[in-house]
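Residues 128 to 288, numbered by this note's numbering, are exactly what the sequence shown covers, in order.
No lab work stands behind these hints, which were simulated from the structure alone.
Accuracy of the hints is not assured; some may be wrong.
[Stated by the list, open to error] Straight-line alpha carbon distances no greater than 30 Å define the calculated DSSO-like cross-link-like pairs of lysine-lysine that follow: (1) 219 <-> 278; (2) 226 <-> 278; (3) 226 <-> 197; (4) 219 <-> 197.
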Amino acid sequence: MKKIISYIKNGSNQAFSEQHRILPPTKLSKHIHPFHIFDKSYSSYGKVNQETDHTYLQSFMKQRMLTIWKGQRQLLNVAPMFPEPLESIIYKNVYERIKPLLMGAYHEDFHQSEDEFSFESWLQSLQQTAYHLSRPTDAICWDEIALFMKKYAEKPRTAHD
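The task is simple: from the sequences and hints, build the whole structure.
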């Protein structure tokens, strides 16, 4: 009985320490790493990503949207410095200027009516695609557009809006 208890104590500790020891970098690839799971799942969608990347690069509406946004973002940065009525007019004008382009770009990718969830998801996917294509300024612009659209939609509007 003592021998069995001793074997269990020593054997299980030895097995535990063997399995959980720190591995040298050369042996890390033999074990599953959390990012390995992500890499496998991400690479399985390679063809879809190539099509998405190609669509993104060839989209005139998306590139036009980014160009207009880069011009309008300076207005949005100074808008809070103005009195409230003027600030809301600036937001409204920017919104009315970019909304048709955004909807056109959205309908390039999806041939269905937009809802809030799918629209926000679409903007996030554009941001991720821009990062994937090594276009960080585009990704920042898509993030700003998403934040502006969400903020403007939540903002209470006056009677003249």
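Outcome of the hint check:
no.	hint	in the structure
1	219 <-> 278	holds (12 Å)
2	226 <-> 278	holds (14 Å)
3	226 <-> 197	holds (15 Å)
4	219 <-> 197	holds (17 Å)
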